[in-house]
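From just these sequences and the hints, can you work out the full model?
Number of protein chains: 2
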Amino acid sequence: MRPKPTTSANDTILLSHGGGGLLTRRLVKDLIVRQLGNSILNELDDGAPLKIKEKDAVFTTDSYVVRPIVFPGGDIGRLAVCGTINDLVMMGAAPRFLSLGLILEEGLPMADLERALASMRAALRGCGAKVVTGDTKVVERGMGFGMFINTAGVGFRVRGADTRVANASPGDAVIVTGPIGDHGAAVMSCRAGISLRSELKSDVAPLWGMLAPVLRCGPRIHCLRDPTRGGLAAALNDIAEASGTGIRIVESAIPVRKEVRGVCSLLGLDPLNLACEGRAVVICPRRASGAILQRIRSHPIGRQAKVIGRVCKGHPGMVILETAFGGERIIEIPTGEDLPRIC
Amino acid sequence: MRPKPTTSANDTILLSHGGGGLLTRRLVKDLIVRQLGNSILNELDDGAPLKIKEKDAVFTTDSYVVRPIVFPGGDIGRLAVCGTINDLVMMGAAPRFLSLGLILEEGLPMADLERALASMRAALRGCGAKVVTGDTKVVERGMGFGMFINTAGVGFRVRGADTRVANASPGDAVIVTGPIGDHGAAVMSCRAGISLRSELKSDVAPLWGMLAPVLRCGPRIHCLRDPTRGGLAAALNDIAEASGTGIRIVESAIPVRKEVRGVCSLLGLDPLNLACEGRAVVICPRRASGAILQRIRSHPIGRQAKVIGRVCKGHPGMVILETAFGGERIIEIPTGEDLPRIC
Numbered sequence: 000m001r002p003k004p005t006t007s008a009n010d011t012i013l014l015s016h017g018g019g020g021l022l023t024r025r026l027v028k029d030l031i032v033r034q035l036g037n038s039i040l041n042e043l044d045d046g047a048p049l050k051i052k053e054k055d056a057v058f059t060t061d062s063y064v065v066r067p068i069v070f071p072g073g074d075i076g077r078l079a080v081c082g083t084i085n086d087l088v089m090m091g092a093a094p095r096f097l098s099l100g101l102i103l104e105e106g107l108p109m110a111d112l113e114r115a116l117a118s119m120r121a122a123l124r125g126c127g128a129k130v131v132t133g134d135t136k137v138v139e140r141g142m143g144f145g146m147f148i149n150t151a152g153v154g155f156r157v158r159g160a161d162t163r164v165a166n167a168s169p170g171d172a173v174i175v176t177g178p179i180g181d182h183g184a185a186v187m188s189c190r191a192g193i194s195l196r197s198e199l200k201s202d203v204a205p206l207w208g209m210l211a212p213v214l215r216c217g218p219r220i221h222c223l224r225d226p227t228r229g230g231l232a233a234a235l236n237d238i239a240e241a242s243g244t245g246i247r248i249v250e251s252a253i254p255v256r257k258e259v260r261g262v263c264s265l266l267g268l269d270p271l272n273l274a275c276e277g278r279a280v281v282i283c284p285r286r287a288s289g290a291i292l293q294r295i296r297s298h299p300i301g302r303q304a305k306v307i308g309r310v311c312k313g314h315p316g317m318v319i320l321e322t323a324f325g326g327e328r329i330i331e332i333p334t335g336e337d338l339p340r341i342c
Numbered sequence: 000m001r002p003k004p005t006t007s008a009n010d011t012i013l014l015s016h017g018g019g020g021l022l023t024r025r026l027v028k029d030l031i032v033r034q035l036g037n038s039i040l041n042e043l044d045d046g047a048p049l050k051i052k053e054k055d056a057v058f059t060t061d062s063y064v065v066r067p068i069v070f071p072g073g074d075i076g077r078l079a080v081c082g083t084i085n086d087l088v089m090m091g092a093a094p095r096f097l098s099l100g101l102i103l104e105e106g107l108p109m110a111d112l113e114r115a116l117a118s119m120r121a122a123l124r125g126c127g128a129k130v131v132t133g134d135t136k137v138v139e140r141g142m143g144f145g146m147f148i149n150t151a152g153v154g155f156r157v158r159g160a161d162t163r164v165a166n167a168s169p170g171d172a173v174i175v176t177g178p179i180g181d182h183g184a185a186v187m188s189c190r191a192g193i194s195l196r197s198e199l200k201s202d203v204a205p206l207w208g209m210l211a212p213v214l215r216c217g218p219r220i221h222c223l224r225d226p227t228r229g230g231l232a233a234a235l236n237d238i239a240e241a242s243g244t245g246i247r248i249v250e251s252a253i254p255v256r257k258e259v260r261g262v263c264s265l266l267g268l269d270p271l272n273l274a275c276e277g278r279a280v281v282i283c284p285r286r287a288s289g290a291i292l293q294r295i296r297s298h299p300i301g302r303q304a305k306v307i308g309r310v311c312k313g314h315p316g317m318v319i320l321e322t323a324f325g326g327e328r329i330i331e332i333p334t335g336e337d338l339p340r341i342c
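Quick mapping for you: the protein sequence lines, in order, are chains L and R.
Start counting the first sequence at 0; every next residue gets the next number (numbering that gives the first Met the number 0).
Start counting the second sequence at 0; every next residue gets the next number (numbering that gives the first Met the number 0).
There's no promise every hint is true.
Note: identical chains are not told apart, hence a pair may lie in one copy or across any two.
[Claimed, not checked] The calculated lysine to aspartate or glutamate pairs, modelled on EDC-like cross-linking and capped at a C-alpha distance of 16 Å, are: (1) K129 <-> E42; (2) K257 <-> D269; (3) K28 <-> E240; (4) K54 <-> E42; (5) K54 <-> D161; (6) K50 <-> D161; (7) K54 <-> D10.
No lab work stands behind these hints, which were simulated from the structure alone.
This is the structure:
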């Protein structure tokens, strides 16, 4: 059952919502606990007690400063939950506990906060994770951002999983689980005021549902990496550098929606550098790639998964693109100037 | 050995430091890992692997938006580490793993970031905790804050410790571990441009060193709470409300520095509502209070610890101050309007 909105159209965030007094309490109880409540969070203590049996835990954090806070296909709340869940999944871990740090701008419509919280709630569904502790701060009006969110996460490693980027090995297949660049293109086009007749939407989604069967049932994956900031180019360079291997990808094999190509040519961007928020790069032994692709494609968000290249011994630390015209080009790690505040 | 500064006077944060590309990598490796590095953090993976034996873990988060980012007695880096360590200690846990989420403003002098990181490093010393994972974002110039920091933390409960605010029991003694309001008064006077001849400094400090022997060796404490946002007034009201008891405190017994009283009378503030960042309220059986006070006072930051009142059956949920003039006054939870952005 979805909780009914508790806020009226005129309610906004006041500085005193961040003062630690009565108004902070009410905000937390009436809005945050109402949307995200569970037996641990509801204690509203300084922290959350976690019962952990002997396990390999994974701990991660990310802050989200995306502008605008609502974009085609998602919002900052969904992004924050998915981003942290996906970081845990990339480490081979089942997401379990999340913290929520809100930094709100004075004057933020309460309805915007409620929307973000409701999105978080929806994104958490089916992931086995919950928000167990949090903190709310308010800063003065005029900073022009609405809200920033930090989510830290704790998960537990799937038995036997070892998905570090250093594990890539010559001969491995390089899989991408869907079209790349949707998130970056959706946010950038929204910000540039480009309205496309077509339906360009962020791919922001939690990856646990798609990758849990692969992690749990094998065959064994060598590496997992989500191509977020810096896009596929940064993810593949990370893998090549950490593993001391070379990576060759085939341009014609890389799934890119035509809407994303359109935005890229309008704004002078490269799809390889655009962030995804619901995709993974999966590196696995070539013999296993068929079975793994099949599992990934059986999930709704993995239907367009493809093998896009291979890991090789040559040119260690380098990523080479085999172009559609039979040429080759080095894919460098982007400098980071293209795309501020897309996540 | 303290790492030498790696930045020159003219270096500032650029938007591309937050883009996830080469410049982000360099910032992380040259500055953050250099200051806070350890075997887990240095892996620079999407998250940090934690080895946990079967234990009661505690998970907490806080964002820090203090303005200005450097204030008498500390800075935002020290505040962020101490705040999260102290939240874990208040839950009866030994601090162990921290995450670090940086939100930086474009144009921030690199030296300011380095200073904050060095403060974090110094505050972590002797606490048994380290930063094991992190994230860096950059937002556009002109937002006027310099940096926000989020730290989440994982700690492990000391065997037998149960320090929830609901545990206060009639007859218990109420101890405060030092003078109250130093942090709030230092930040507010700095912001108001009040220069005091005297040495008014924030009390920001990690509480693990002082409270570890108390938690580990007994006698048993009933509750712990750090009077941060909302000050002693909010902390005591939290305890009274959660435990369904009344609390009576004696005005003349509450340690308040005369410099803090001075700032309060100038700015129209109440010391009871001012944040502390290196103090704790300790509730314990009256018979045990002597032994506990002795342990606390044996630590440098606990020398001025005092019993300031008692828990009673009457007026459940209410905090009563016995004034210096023999009267009584209800101490309410502050509404939060007084003190924006003190932590």
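Verification of the hints:
no.: 1; hint: K129 <-> E42; verdict: within (14 Å within a copy, 27 Å between copies)
no.: 2; hint: K257 <-> D269; verdict: within (13 Å within a copy, 62 Å between copies)
no.: 3; hint: K28 <-> E240; verdict: between (47 Å within a copy, 15 Å between copies)
no.: 4; hint: K54 <-> E42; verdict: neither (25 Å within a copy, 20 Å between copies)
no.: 5; hint: K54 <-> D161; verdict: within (14 Å within a copy, 23 Å between copies)
no.: 6; hint: K50 <-> D161; verdict: between (24 Å within a copy, 14 Å between copies)
no.: 7; hint: K54 <-> D10; verdict: neither (45 Å within a copy, 43 Å between copies)
Consistency note: the structure conflicts with the earlier hints numbered 4 and 7.
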